[in-house]
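Start from chain A and add chain B according to the hints.
The listed protein sequences derive, respectively, from chains A and B. Residues 1 to 333 (the numbering used here) are what the first sequence spells out, left to right. Residues 1 to 324 (the numbering used here) are what the second sequence spells out, left to right.
Hints in this document: simulated from the structure, not taken from any laboratory. By construction, the Cβ of each residue, glycine as well, lies at the ideal position given by its N, Cα and C atoms. Some clues are possibly wrong.
Some chain B residues well away from chain A (every beta-carbon gap over 10 Å; in silico) [unchecked claim]:
#, residue
1, Asn43
2, Val180
3, Arg223
4, Ala260
5, Gly278
If you want the footprint, here are the derived chain B segments under chain A, 3+ residues with CB under 8 Å [stated by the list, open to error]:
#, stretch
6, 100-108
7, 120-132
8, 155-168
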Amino acid sequence: MSRILTFAEAISEAMAQEMERDERVFLMGEDVGRYGGIFGTDVGLYDKFGPDRVIDTPISESAFIGAGIGAAMEGLRPIVELMFVDFFGVAMDQIFNHMAKITYMSGGNFSVPMVLRTAIGGGYGDAAQHSQILYSLFAHVPGIKVVVPSTPYDAKGLLISSIRDDNPVMFFEHKLLAGLDWLPFGVKGEVPEEPYTLPLGKADIKRSGKDLTIVTASLMVHRALAAADKLSAEGIEAEIIDLRSLVPLDKETILTSVAKTHRLLIVDEDYLSYGMSGEIAAVVAEKGLYDLEAPIKRLAVPDVPIPFSHPMEDFVLPNEKKIYAAAKALVQE
Amino acid sequence: MAKLTKEELIKMYSQMVLIRLFESKIGEIYGKGAIPGEMHLSNGQEAIAVGVCANLRADDAISSTHRAHGHMIAKGVDLKKMTAELFGRKAGLCKGKGGHMHLFDPSIKFGCGGIVGAGLPLAVGSGLAFKRKGLDSVSVVFFGDGAANQGTFHESLNLAALWKLPVIFVCEDNCYGISVTKEMSTAIKSNADRAVSYGIPGVAADGNDVAEVYQATKAAVERARKGEGPTLLEFTTYRLMGHFEGDPEVYKPKEEHEEALRNEPIIRLEKVLLEEYGVSAEELVKIKEARQAEIEEAIKFAETSPWPKPEEALEDVFVEGGVR
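If we strip away everything but chain A, and leave its shape as in the complex, we get (with noise of 0.2 Å):
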């Protein structure tokens, strides 16, 4: 049976429904036990499994993290939260060199099972240090998978199957997405209420058109849907690809896409350069540059850091206007 729920509820239903299942899930945390978690996505779970299966930690990183991954490789299969993406700078060494390398440096003897569930993105004035994506980041290193949803339906299905994995797993989570009070946006949608999973590595089309192709992951997700709503009025229609994972990277929907379409727009909430726009667009020039009849466009934050006042935060975030504005300059090329 399906429901509407927002999307923090989705992973929070996604979470308790593999507590249920499995004795070896646990969350870890800062406030994710009494508070709900800041973003609202735990909200429920102390109550109903008590603080020792939803544990608050201190502000510890480096070592709530590295305890993730030493559990992991025990045999359990916790859930660690980041409250803040940008946060990841005092754990990095736990996350770079030991949660994404000792399953390779064991030889394969070891496996961490663990997933790292994070709260990225920008677009309510929260400024330099609260505001990134990076997923980029850890896409660029050997050994995480890096899991990002736009949709409820998406979240649950793709936390489920995070947290069966048995690798190490970023889960990134828009804070625009979660549908709290105090923050704008937003996103319901229709979720089943009983569990299912999602392939890792497998991309979506949210909407399919065939004069200009748009990939894109998140809360961009949703922006893109309403410039292709516009478009579409004035006789465009952009296919919208969302990534749903960096990593694996579903190569093969992109390209069919760019060959079906023939154009191709990125558009990332995060950094412009060295990032997941790059990626994607050399992707496209080494196995479908002949498909293409126009360069390729990318719509990203011009590699300033999130300014905090609304106009020029404004100016630098992706949005619907701006891609809008690229696409259909892109068709017209």
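Leaving out everything else, chain B in the frame of chain A:
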């Protein structure tokens, strides 16, 4: 405290000798260029590895450092597989993907790594897993006096103490973090005193006396198995070798090194065995010969063992199968 029996001490001596002879042999082969990478040897620190591990069971976990051979041997690793890993061979513990600083063996619950201080959070995690599973296994983490100034040291002690986890923190104070002495790096004399900050026992002991190491660890392990929480141990010893092979050691005073050679744990244990336990010199020679033979066999196995295929580099980034 009960005195150790002759049999117990002989067993410990035999393991210490195995570690010493192994490290010396590896140093020799490394010097000829037959082993890739860096090489950190633990000569002089054998009493800590052996005295700690004599208290452990197969189901207890160890998280170790870049200087891990001794800990791994004392925990009971298959010497052939370990040696093959140092040589980068397919038959090695990690199929040649880890090497000397990244040795992993689930069969003895052992892992180590090359980042100073990074093993402590992982040990907290295995302690957390043991507690959650209702087991009485313990988690031991070895680290040096240099690592005790990393943030992970303090975060991990707090977390283990807060959650009363079965973790034994073993600081091997070998007087140096590469070239920097403990006096140059650490605001207090004994790291064991830092345990006060976390409300747990902190014990400082002579790391060159295997019996003292054994007894101090025994109390910590008993406390952890009973669910009473972690202990911080600091054992003072001396790094007889350079930080790594090839270190010119210009920073070490000659007299200090000579004094350390007189105080090293194997000579001290031999004296105790000969003078207090009536063990004969011939018996000790026999032990050394037997251990040397094991080492030669392991080296031969590694040297004659095939290399991995180059394209095996592409495997093991992720474990296959996904859902389990």
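These are the hints, each one checked on the structure:
no.: 1; hint: Asn43; result: holds (25 Å)
no.: 2; hint: Val180; result: holds (20 Å)
no.: 3; hint: Arg223; result: holds (20 Å)
no.: 4; hint: Ala260; result: holds (32 Å)
no.: 5; hint: Gly278; result: holds (44 Å)
no.: 6; hint: 100-108; result: holds (count 4)
no.: 7; hint: 120-132; result: holds (count 12)
no.: 8; hint: 155-168; result: holds (count 5)
Checked against the numbered hints above, the structure breaks none of them.
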